[in-house]
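Student: Listed here are the chains, written in short residue letters.
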Amino acid sequence: MIEIKELKMSYGKSRALNGINLSLEKGQVVALMGPNGSGKSTLLKSILGLVIPQKGKIFVNETDIANNYLYRTNIGYMPQIANYPENLKVKELFNIIRDIRNGSKEKDEELLEKFRIFEIYDKYFGQLSGGYKQRVTASIAFLFDPDILILDEPTASLDPLSTEIMKSKIIDSKNENKLIIISSHIISEMEELADRIVYLLEGSIRLNMNIKDIKNGSGERLGKAIARVLQSN
Amino acid sequence: MNTKILKYILFELLRNKFIILYSLILMVMSFSIIYIGQDSSKAVITILNLILFIVPLICLIFGTIHFYNSKEFIQFLLTQPVNRKSIFRAEYLGLSISLSLGFLIGVGIPVMFYGFLLSGMYLVLTGIILTFIFTAIAFLSSVINKDKVKGIGLSIIIWLYLTIIFDGLVFLIIYFFNDYPIDKFIIILTSLNPIDLGRILMLLQVDISALMGFTGATFQKFFGSFIGMAISAVFMLLWIFLPLAVSLRMFKRTNF
Chain A
1 MIEIKELKMS YGKSRALNGI NLSLEKGQVV ALMGPNGSGK STLLKSILGL VIPQKGKIFV
61 NETDIANNYL YRTNIGYMPQ IANYPENLKV KELFNIIRDI RNGSKEKDEE LLEKFRIFEI
121 YDKYFGQLSG GYKQRVTASI AFLFDPDILI LDEPTASLDP LSTEIMKSKI IDSKNENKLI
181 IISSHIISEM EELADRIVYL LEGSIRLNMN IKDIKNGSGE RLGKAIARVL QSN
Chain B
234 MNTKILKYIL FELLRNKFII LYSLILMVMS FSIIYIGQDS SKAVITILNL ILFIVPLICL
294 IFGTIHFYNS KEFIQFLLTQ PVNRKSIFRA EYLGLSISLS LGFLIGVGIP VMFYGFLLSG
354 MYLVLTGIIL TFIFTAIAFL SSVINKDKVK GIGLSIIIWL YLTIIFDGLV FLIIYFFNDY
414 PIDKFIIILT SLNPIDLGRI LMLLQVDISA LMGFTGATFQ KFFGSFIGMA ISAVFMLLWI
474 FLPLAVSLRM FKRTNF
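Top line first, the protein sequences correspond to chains A and B.
Residue numbers 1 to 233, in my numbering, belong to the letters of the first sequence in order.
Residue numbers 234 to 489, in my numbering, belong to the letters of the second sequence in order.
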């Protein structure tokens with residue numbers, strides 16, 4: 001589904017990505033982990049075309065994404081913090097997105113209903129709280145039933161109830177044979193959701209394993225198991 | 234597809250309190266200048282001089298701030314299946330059209346109300362072209378600087394340079410090289426400043442040579458009114474498209 005080859009990126013003198021090779025198949029939840037500044041966001045943004053890497057190639061569904069934008073039809077993205085123009089109505093944001101996709105019909109309105117977005121349809125974004133904006137963003141990410149979902153700290157600013165709705169939506173999507181990439185700091189949550197951990201450190205992949213193999217039947221907590229594998233590498 | 238994104242960006246900006254305020258201030262200003270009651274061409278010149286001062290400043294500052302404030306939204310749009318050029322174009326047109334509408338209402342209504350038809354039309358036209366120019370320059374300065382404070386700083390410096398420092402430099406050059414035939418050189422210099430071009434475009438129409446200054450007089454002497462106006466208009470269009478082309482090029486390569 002996603003194939004990344006020798007991806008390199010640096011901002012000025014500082015290296016953000018140091019030759020990443022990664023291949024991700026559908027039907028799984030991949031947790032992208034690592035400390036701040038390890039290159040997680042740069043990697044996700046390169047897949048989305050927000051960051052243009054200096055070297056290397058990225059293929060999404062076998063298409064090279066360089067100078068291409070239509071491949072994003074198949075990707076749903078939820079940024080860490082979303083901010084929308086104050087004087088824009090929620091309804092209008094949905095219209096913009098519909099228009100960008102040439103009026104293609106929404107296929108998956110589940111989150112729209114569960115997050116009760118219809119109730120705030122006529123409000124301006126300036127009137128909404130951060131949590132509400134995040135719920136709008138989440139429902140947009142899933143709205144067009146994309147094959148790939150990229151979620152950057154999806155539960156960071158959600159309330160507990162919405163977090164649970166979000167989690168079950170992620171698991172449902174996995175069962176629909178989609179690829180879900182989550183960047184997160186919350187290890188317990190990833191233990192619950194993810195099938196595979198990709199651990200980045202200073203722009204390189206230090207670990208790329210299934211959770212089952214990391215734990216290796218030891219019954220440890222995931223955090224401890226990751227630390228053990230990282231040390232033995 | 235472009236026009237649809239543009240439509241919503243325009244809706245959003247027209248609800249912006251700042252643009253409404255801008256329009257109101259221009260309107261109060263224009264009405265009071267006309268009401269104080271000089272003859273019509275003098276009133277138009279006074280309004281022109283204020284416009285040449287205010288429009289570039291507002292477009293530069295508001296344009297730069299707006300660009301930085303929209304960054305997260307632009308980023309969001311860029312994750313949709315749409316190319317960067319369309320988004321850039323929609324953002325630029327949205328901002329310059331809404332500022333132009335604010336200007337049109339603020340200055341156009343008073344001027345038309347008192348019946349300065351032809352000169353009023355040129356006044357509005359000059360203001361609108363200046364709006365498009367300085368919004369383009371604001372975008373350029375925002376694309377060059379990743380940091381918001383630096384971007385706004387650069388915009389202020391550009392404004393100071395074009396409204397104050399540039400005139401001083403031209404004066405110095407004229408003063409020192411008075412004895413040489415520098416008319417052509419002055420014309421070239423003038424085309425380097427869109428505000429001067431706006432002044433010439435307007436004044437050649439109103440035809441008050443006394444108020445035209447050195448550059449304006451040279452323009453008229455060289456080209457006559459009509460060709461002079463055409464040339465300054467062409468240069469002003471260049472002032473829209475050059476900054477836009479450069480900033481679009483940079484915008485396409487920006488890492489968000």
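Check the hints yourself; a few may be wrong.
[What the hints assert, rightly or not] No farther apart than 16 Å at their CA atoms in a straight line, the calculated lysine to aspartate or glutamate pairs in the EDC-like style are these: (1) B/LYS304 to A/GLU86; (2) A/LYS107 to A/ASP145; (3) A/LYS133 to A/ASP159; (4) A/LYS133 to B/ASP416; (5) A/LYS107 to A/ASP147; (6) A/LYS133 to A/ASP99; (7) B/LYS237 to A/ASP99; (8) A/LYS174 to A/ASP108; (9) B/LYS250 to A/ASP147; (10) B/LYS240 to A/ASP99; (11) A/LYS167 to A/GLU202; (12) A/LYS91 to A/GLU62.
[As the list claims (entries may be wrong)] A few chain A residues that face chain B, going by a derived Cβ cut-off under 10 Å, partial list only: (13) VAL51; (14) LYS55; (15) ILE81.
Simulated from the structure, these hints should not be mistaken for laboratory data.
All C-beta atoms, glycine included, are put in the ideal place defined by N, C-alpha and C.
Student: Can you list which hints this structure breaks, lowest number first?
Tutor: 4, 6, 9, 11, 12, 14
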